[in-house]
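Assemble chains B and C onto chain A, guided by the hints.
Protein chains in written order, with my numbering: chain A, 8 to 230; chain B, 3 to 413; chain C, 24 to 332.
Do not rely on the hints blindly, as some may be mistaken.
Stated by the list, open to error - Cut-off 30 Å, straight-line C-alpha distance, at most; resulting in silico cross-link-like pairs (DSSO-like, lysine-lysine): (1) C:318 / B:306; (2) A:217 / C:118; (3) B:248 / C:324; (4) A:215 / C:324; (5) B:306 / A:215; (6) A:215 / B:297; (7) A:217 / C:99; (8) A:209 / C:160; (9) C:178 / A:217; (10) C:181 / A:209; (11) A:215 / C:318; (12) B:409 / C:44; (13) B:306 / C:181; (14) A:193 / C:118; (15) A:215 / C:160; (16) A:193 / C:44; (17) B:297 / C:181; (18) B:18 / C:44; (19) C:301 / A:209; (20) A:215 / C:140; (21) A:215 / C:44; (22) C:178 / A:193; (23) B:297 / A:217; (24) B:306 / C:278; (25) C:140 / A:209; (26) C:312 / A:193; (27) A:209 / C:133; (28) C:312 / A:217; (29) B:102 / B:265; (30) B:297 / C:160; (31) A:215 / C:181; (32) C:44 / B:402; (33) C:318 / C:133; (34) A:215 / C:101; (35) C:278 / A:193; (36) B:297 / C:318; (37) C:324 / A:209; (38) C:160 / A:217; (39) C:240 / A:193.
If you're looking for bench data, these hints aren't it; they were derived computationally from the structure.
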Amino acid sequence: MPRIASLIFVCLIASMVAAALVAPPQRNTDGSPAAEATLESNALADESSADAPTHPKPPTFAVTVRRPDGPPRIELAGSDPQGRSGTVACSTCHSVRPPDLQNRTAATLNEFHQGMQFNHGTIACYSCHNPDDADSLRLADGTRVDYSDVMTLCSQCHGPQATSFAHGAHGGMNGFWDLSRGPQTKNNCIDCHDPHAPSFPKMIVGFKPKDRFNAPHPEPEPH
Amino acid sequence: MSNTATTESHISSYPKFIGRSLWLATEGSFGFYAWMTMLTAIFLVGANAWANQVAGGMVGTNMTDQVSWGLYIANFTFMVGLAAGGVMMVIPAYLYHDRKMHDVVIIGELLAVAAIVMCLMFVVADLGRPDRFWHLIPGIGKFNFPISMLTWDVIVLNGYLVLNLHICGYLLYMRFLGRRPNPVWYVPFVMVSIVWAISIHTVTAFLYCGLGGRPFWNTALLAPRFLASAFVSGPAFIIVSMILIKRLTGVIGLDQPIATLTKIIRVTILINLLMVASELFTEFYTGGSHVSAAKYLFFGLHGKTALVPWTWTAIGLNITAALLFLWSGILSERWRPLLITACAMAFVGTWIEKGMGLIIPGFIPSTLHEIVEYVPSQLEWKVTVGIWAFGLMIFTIAIKTALPTLKRPIH
Amino acid sequence: METSKPSLPIVENFSRRAAVKGGFATLGAAAFVAAVSPLRQAAKNTTAAEFMQQHYTELSPEQKSDVIARLETEAKEKHGVDVHISDDRPIPGTKFVYAINLSVCNGNGKCVEACHKENNHDRTTNQSYIRVIEMPKGTMDMEQGSTTYTGAVPKDDKFYLPVQCQQCDEPPCVDVCPVKATWKEEDGIVVVDYNWCIGCRYCEAACPYHARRFNWKEPEVPAEEINPDQGYLSNRVRPVGVVEKCTYCLHRTRKGKLPACLEACPTGARVFGNILDKDSNIRWILENKRVYILKEELGTKPAFFYYFD
Chain A
8 MPRIASLIFV
18 CLIASMVAAA
28 LVAPPQRNTD
38 GSPAAEATLE
48 SNALADESSA
58 DAPTHPKPPT
68 FAVTVRRPDG
78 PPRIELAGSD
88 PQGRSGTVAC
98 STCHSVRPPD
108 LQNRTAATLN
118 EFHQGMQFNH
128 GTIACYSCHN
138 PDDADSLRLA
148 DGTRVDYSDV
158 MTLCSQCHGP
168 QATSFAHGAH
178 GGMNGFWDLS
188 RGPQTKNNCI
198 DCHDPHAPSF
208 PKMIVGFKPK
218 DRFNAPHPEP
228 EPH
Chain B
3 MSNTATTESH
13 ISSYPKFIGR
23 SLWLATEGSF
33 GFYAWMTMLT
43 AIFLVGANAW
53 ANQVAGGMVG
63 TNMTDQVSWG
73 LYIANFTFMV
83 GLAAGGVMMV
93 IPAYLYHDRK
103 MHDVVIIGEL
113 LAVAAIVMCL
123 MFVVADLGRP
133 DRFWHLIPGI
143 GKFNFPISML
153 TWDVIVLNGY
163 LVLNLHICGY
173 LLYMRFLGRR
183 PNPVWYVPFV
193 MVSIVWAISI
203 HTVTAFLYCG
213 LGGRPFWNTA
223 LLAPRFLASA
233 FVSGPAFIIV
243 SMILIKRLTG
253 VIGLDQPIAT
263 LTKIIRVTIL
273 INLLMVASEL
283 FTEFYTGGSH
293 VSAAKYLFFG
303 LHGKTALVPW
313 TWTAIGLNIT
323 AALLFLWSGI
333 LSERWRPLLI
343 TACAMAFVGT
353 WIEKGMGLII
363 PGFIPSTLHE
373 IVEYVPSQLE
383 WKVTVGIWAF
393 GLMIFTIAIK
403 TALPTLKRPI
413 H
Chain C
24 METSKPSLPI
34 VENFSRRAAV
44 KGGFATLGAA
54 AFVAAVSPLR
64 QAAKNTTAAE
74 FMQQHYTELS
84 PEQKSDVIAR
94 LETEAKEKHG
104 VDVHISDDRP
114 IPGTKFVYAI
124 NLSVCNGNGK
134 CVEACHKENN
144 HDRTTNQSYI
154 RVIEMPKGTM
164 DMEQGSTTYT
174 GAVPKDDKFY
184 LPVQCQQCDE
194 PPCVDVCPVK
204 ATWKEEDGIV
214 VVDYNWCIGC
224 RYCEAACPYH
234 ARRFNWKEPE
244 VPAEEINPDQ
254 GYLSNRVRPV
264 GVVEKCTYCL
274 HRTRKGKLPA
284 CLEACPTGAR
294 VFGNILDKDS
304 NIRWILENKR
314 VYILKEELGT
324 KPAFFYYFD
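Next up, chain A with everything else stripped away, as it sits in the complex:
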């Protein structure tokens, strides 16, 4: 009797081992009901699957970098006898005044520039502003640049950032990652960086998860 018993035992073990070998490990990574996409994804998928799948369609939508409106205008503090306030162009004053090519600080500025913050290295005002045409900017080699093309100016010094920007690695974006499906807009340098004090401002954390048991605690003790 014990012999039969151990025989059955061996058989059971063997069948378990066999079962484990027959069922090969599988990862359930597929999960793709191939053809049953809904209408919207079908329409899109059909076009792209016609091509070789590893080559996405050529971009058909543009990447737009937002551009500043043009030369800045200065708000007038007072108002005329009719009670209208107005703005003037830089050139209103600067076309008739001699430029101070040496100035590199806001402390010496007055009138319209009073109280201006300047914290952009030790460059002079006229490193970027154009002494010959106050309503435009100029590059280091003296070439005139429109205010709306300010990024050309920034890129002279901030080459790595400009390169990163060109590859989406700086400055952020909105819209579509896939330019065959829709356009993309990107920020301009001065959307985020004040040209006169370009370091990115501090922010206040406005949104935190409200965990039930994870109240804010003081700084963790150093180990």
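Leaving out everything else, chains B and C in the frame of chain A:
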């Protein structure tokens, strides 16, 4: 005990057997009825708490996304150990032909049945969607076998339940028929159940130790540790049960099995402590961020110390129990209260060590090293105690059903 | 549990005991039914169609549109909002990859908030798929970080590490799921079928990045704040008791749009794209920046990169 004519077909005799068993299981003294009524009441409280948890969502528990398993899974792990611990009676009985143990081995098998039922209940209690339980059923649902260790656990636990139900059921049925059990129909299953008992706890350990993101669990020592502690908690529970059975029902011949089990615990509890010690040495001597969970468990981290009292209690209980078991006098019948105390200490010590001391610190600090503490909510305690009450009910009924067999062994 | 003997020939003197036992069994059963009566409330919230629903990958197109129609009707009944649930499939030849510039990220938490809104997260807990860790400069040990920082950022001696689902190529969460309720699709996104998940939370235990969230209660989102542009596998309002996770906003990204967290980032730290497109931004970053991945030693192979300028 009725002696049905052997010519009677099983179709009519089996229902008679079931009916007779149920009748026997519900016969008893006033104390028995009081015990069962109390367990029923506690179970109902648990059932109600669980129903509220299902209706209101698991927000009633104190689990979080950081500590996503709590008291339920801790108890589940421990109960798997208890189920596997029953094998410490089966091995002496069947592999070493210990005749005395053989006469009462059914206690261990019945304990396994009750413990596995509790395991399954703890898993269901832990599910967010118990209504989708059928997704786990191979064939009907979608069973992620063999990659998911949880599917292995489903198989081994249910397999172990069926094995033990078969073995116990067959032996009791033969007893009812007044026949001698045919070894072909149960000995192979007993042999399988020995291997299977090891497998249930190994697979349960693999649930945890296979997770690379949880350094506290990610140790090869986990499965051996689980087994060692199972072979403490299981025999400890059985010893206490046997002492109670002897006192309450007058079953004789339990003293020698009690001595055998005591000697087993004497070894396993030391092995368990050794493994805990070597685990802790590796953790603390190495240091680094790998040790933070252990540091949290034993000393607290960043001022959070919820588990520290638990774990030192467990260490204290385990070491004291180990020392008590080492004393030879504990085997004498005069010192039964001390043996019960030692068993209770080992049992509770293991429960903490494996539950609150192993499952919870696996989540603290979290994978992003946040320290979110966990203390079970009232609802969790209710459900847990309810499941324990239900398990004890099953065990009581099962023992009652088996009493005739225990009183007059067939050999 | 007291149970009576099934066959009851009313003879012999145990008939009285049998009657008593039967009485107690009935009493016990009645008490049990009363105890679990809260389940009736839960059962009311689950329709037969939902209970019987098959796994996402096994639904026929007709079944799928039925399911979506049912979910849209339920959303209307429950929240009073007309939502559109789409079923976006992966775009052929696409594998999504994310990168974050840690030199730029200042921990302001706008991405956390955008995720919260876009994905119809529970309002009462400010749930989100992104957590940002404030780390002391000079370490990569998250042990020294904190997620509960507040106030003005960035602090001078800190850098900020946003963590969300890394869409691993070897996802431990997918391996451990016992019912295949979560899987990795061809474009790399690890998704969850919220109507198949049983809520065992094994995936939460397995994920090394704290990427998964469990719905401990029914998510509460006011009707006017519900984002009606939803996906079956992404941001539809989740049922209670199931696990959810970041899907790189697949209801947007599989239509070619950028993820919500990226658009919300005021610092431009986030970059998203198709790594199979050799002209993509993401390829340029991987080829030109110093890139690292979180917990590389675990072998999860994330599709999520961190880099420094």
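Evaluated hints:
no.	hint	in the structure
1	C:318 / B:306	25 Å, holds
2	A:217 / C:118	33 Å, violated
3	B:248 / C:324	60 Å, violated
4	A:215 / C:324	29 Å, holds
5	B:306 / A:215	22 Å, holds
6	A:215 / B:297	28 Å, holds
7	A:217 / C:99	28 Å, holds
8	A:209 / C:160	17 Å, holds
9	C:178 / A:217	22 Å, holds
10	C:181 / A:209	13 Å, holds
11	A:215 / C:318	24 Å, holds
12	B:409 / C:44	25 Å, holds
13	B:306 / C:181	24 Å, holds
14	A:193 / C:118	23 Å, holds
15	A:215 / C:160	22 Å, holds
16	A:193 / C:44	79 Å, violated
17	B:297 / C:181	25 Å, holds
18	B:18 / C:44	18 Å, holds
19	C:301 / A:209	36 Å, violated
20	A:215 / C:140	13 Å, holds
21	A:215 / C:44	59 Å, violated
22	C:178 / A:193	27 Å, holds
23	B:297 / A:217	27 Å, holds
24	B:306 / C:278	46 Å, violated
25	C:140 / A:209	24 Å, holds
26	C:312 / A:193	21 Å, holds
27	A:209 / C:133	13 Å, holds
28	C:312 / A:217	35 Å, violated
29	B:102 / B:265	15 Å, holds
30	B:297 / C:160	24 Å, holds
31	A:215 / C:181	18 Å, holds
32	C:44 / B:402	16 Å, holds
33	C:318 / C:133	25 Å, holds
34	A:215 / C:101	27 Å, holds
35	C:278 / A:193	19 Å, holds
36	B:297 / C:318	21 Å, holds
37	C:324 / A:209	34 Å, violated
38	C:160 / A:217	26 Å, holds
39	C:240 / A:193	39 Å, violated
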